[in-house]
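Visitor: Residue numbers (the working numbering), protein chains in the order written: chain A, 1 to 432; chain B, 433 to 864.
Keep in mind that the hints were calculated from the coordinates and are not lab data.
There's no promise every hint is true.
As the list claims (entries may be wrong) - Computed from the model, here is a short list of chain A residues facing chain B with C-beta under 7 Å:
| id | residue |
| --- | --- |
| 1 | Ala259 |
| 2 | Glu336 |
| 3 | Arg368 |
All of these numbers come straight from a predicted model, not from anything done at the bench.
Using N, Cα and C, we set each Cβ at its ideal position, and we do this for glycine too.
2 protein chains.
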Amino acid sequence: MAARTLVESGASVVVLEARDRVGGRTRTVELGSERVDLGGQWIGPTQDRIRTLADELGVATFPQHEQGRNVRASRGRVATYRNAPPVSMLSRLELRRALRHLDERARSVPTSAPWRAENAVEWDGMTVEMWKRDALRTAGARDLVDVMVRSIFAAEPSELSFLFFLFYLNAGGGLERLSSVTGGAQERGFIGGAQQISERLAEGLGQRVQLETPVQSIEQHDGGVRVRTARGDCIGRHVIVAIPPTLAGRIEYTPPLPALRDQLTQRMPMGSVIKCVAVYPEPFWRRSGLSGQAWSDRDPIRLAFDACSHDGSQAALVGFMLGRSAREYCERPEIERREAALQSFARAFGPEARDCSAYADQNWIEERWSGGGYTGLMPPGALTECGEALRRPCGRIHWAGTETATRWVGYMDGALDAGERAANEVVKRLAR
Amino acid sequence: MAARTLVESGASVVVLEARDRVGGRTRTVELGSERVDLGGQWIGPTQDRIRTLADELGVATFPQHEQGRNVRASRGRVATYRNAPPVSMLSRLELRRALRHLDERARSVPTSAPWRAENAVEWDGMTVEMWKRDALRTAGARDLVDVMVRSIFAAEPSELSFLFFLFYLNAGGGLERLSSVTGGAQERGFIGGAQQISERLAEGLGQRVQLETPVQSIEQHDGGVRVRTARGDCIGRHVIVAIPPTLAGRIEYTPPLPALRDQLTQRMPMGSVIKCVAVYPEPFWRRSGLSGQAWSDRDPIRLAFDACSHDGSQAALVGFMLGRSAREYCERPEIERREAALQSFARAFGPEARDCSAYADQNWIEERWSGGGYTGLMPPGALTECGEALRRPCGRIHWAGTETATRWVGYMDGALDAGERAANEVVKRLAR
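All chains should be modelled from the sequences, with the hints used to inform the complete structure.
Guide: Following this line, the structure appears as structure tokens:
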């Protein structure tokens, strides 16, 4: 997106891509007879940038299937439900009150400068886990918060700063929007997969995109930058780094990055996710009146959705190992991950889930050029101590990547926001 | 230490040192007429490894001066005191009870596997800040905890996992020992400076030590390792990486590090410290009955000590910017740091502190080969989620550095412990 914006402004651009493909944290693969997403997948209301771009590029969307009863496996018991999860009335009331209060606080956090929130220091001294323990007394409500936090962040509540959590919620329009299918961030998938967006952007850039060219170092001089790769150097007037901060910290910089920026790159680890897709002869769960949505607090797959193709020609389920469960499986071979995923699906949807006709997964934690997923996260203290360094250009180096967005941080829409903003920074400086 | 242990076992060793000097986080410089420490400085009781090694290498120690009244600047007021800091009786009682309770809990954390502590998950879900707010009601007691945490960790209480905090306390024998001069970790300095330890170790290793040779990548093969540097490659059967985990994450590995190890390197940032030394014609503070020790919650220098040479031939003060105050100054020029340091000293010890005859400081945050200081820290969630990866060898790669110690983690003594342990791992495997 940054490259496209710059090219449109008349600038000369080279895109250095570490992988042998474009798409970053989106990746679409052939599985069975269809293309399925092993990375970023959905878009939803208010994500106007990605929606507009998809339209323009001719990538169509379709609604995520959610008709039927959902499954929840909690503390060893499996139950199905239609609207609200099967917890006690007390838990439900408690949670509703807490979430309303949470969204109020989230709205008080300025997304362009979360460290300026009135209670920034207090909230950045807490984990989400501590907020949960303080705000909620019932096990039912606490469990639901765990489920939501893992689903949205691919991390445990103990890993997240409460201020970062509120900032992230606000950037996406609130917890309800982030966690919903219809009306929320999981509303629609792309026919043919999400990676097409990047692929078509890259087509438009043509020879400017150089694959398999990881950047080793960035040198700044008076008049410009020199970017070194194993395939030779690139020189230019400015450079935009559009990778997660933790990976940006692994590039060598001459002169070194400002001290605070370096500290930031040490303080924004990636979440932990393994995404698993299983293809079946039939959408057997739909026959039993199930939606394909499932949450679990013990199974390796913490979260599942129906992943049938848009026209129903292929039946599939998608599941996520998240946070602790992803880390438990991140060094195991695919066959064990597959077994764990199918077992999880079987517990939620019935024994037929064991007999898939095809299976694929993506262990984002071992992806060298992602370092985890979905996104960079902040533990307590990082945002108030180093947040200012997140977007501030360092000489001729500008920062993009969804972590630097101010709307829909962590999502495809945020990545576009960040790319455009970084490109505009450069356009302005080139015009001087 | 690792190299020395290996050489003693008969192994052939090369030490690749990124800097143009040995010593890492110790650094001794000429200032005025004496050598002063701008990095690691003190040792104390139960630090038997460093004490024994210093004796053996002929580096003598001398007691840290602490006679006289201490200074405490709190909430804008400066006061002096002899034994206990000038807080209300209520604060003192509250703090004493809390610290006793804290040390009990610290002792329940096994230093070789803190994630196995009975309350590991609960404690790793909290920050030290949250513990403080929960356990202490009086402002006086809370302020003293801030002072102690900053002094021991070079970080704010909001940045630290409570489990990591307890682990670290236990590894050093408790909070009292870590924060004391006589009887504690600041008991004795080295005549001629702490860097001599590494220098003399290096002398013993002779040509095996190659300076200015940062490691770029480590490749593992069936029979051994290849370590690439800009000055050429080294091949060997095993490699010991003795740098902080966050910096170890910046080396390129082929094959990539195990996924959990990579996540760990994203989750162990360095603390933030700038160490400042000012030399004076006279130890004027001693004349006023002051010890040279000072604590402050607002001045850039959070902590100060007398830094006169062992024989009294040169008068000096040493001060630390820590955590937030270090980050506030980490991108400013030396002249501003100097001004801030001298102002802080003047507030604590009187206007004569402004007229130093020599000044030097070390901004460890901008030190590329340290990335901060004193040591690698863990935010909530890191120890329970990734702690196992801290010391576990990855094929032929073994991990040293004070962060991997089980006694006196973060101290010189811990670095020796870790180096010896890693070397012994290799010796065992070489003997097979």
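Visitor: Now tell me if each hint is right for this structure.
Guide: Status of the hints after comparison with the structure:
1. Ala259: Where the cut-off is 7 Å and the nearest Cβ of chain B is about 4 Å from Ala259 (chain A), the hint holds.
2. Glu336: violated (14 Å)
3. Arg368: holds (5 Å)
Going down the numbered hints, you'll see the structure goes against just number 2.
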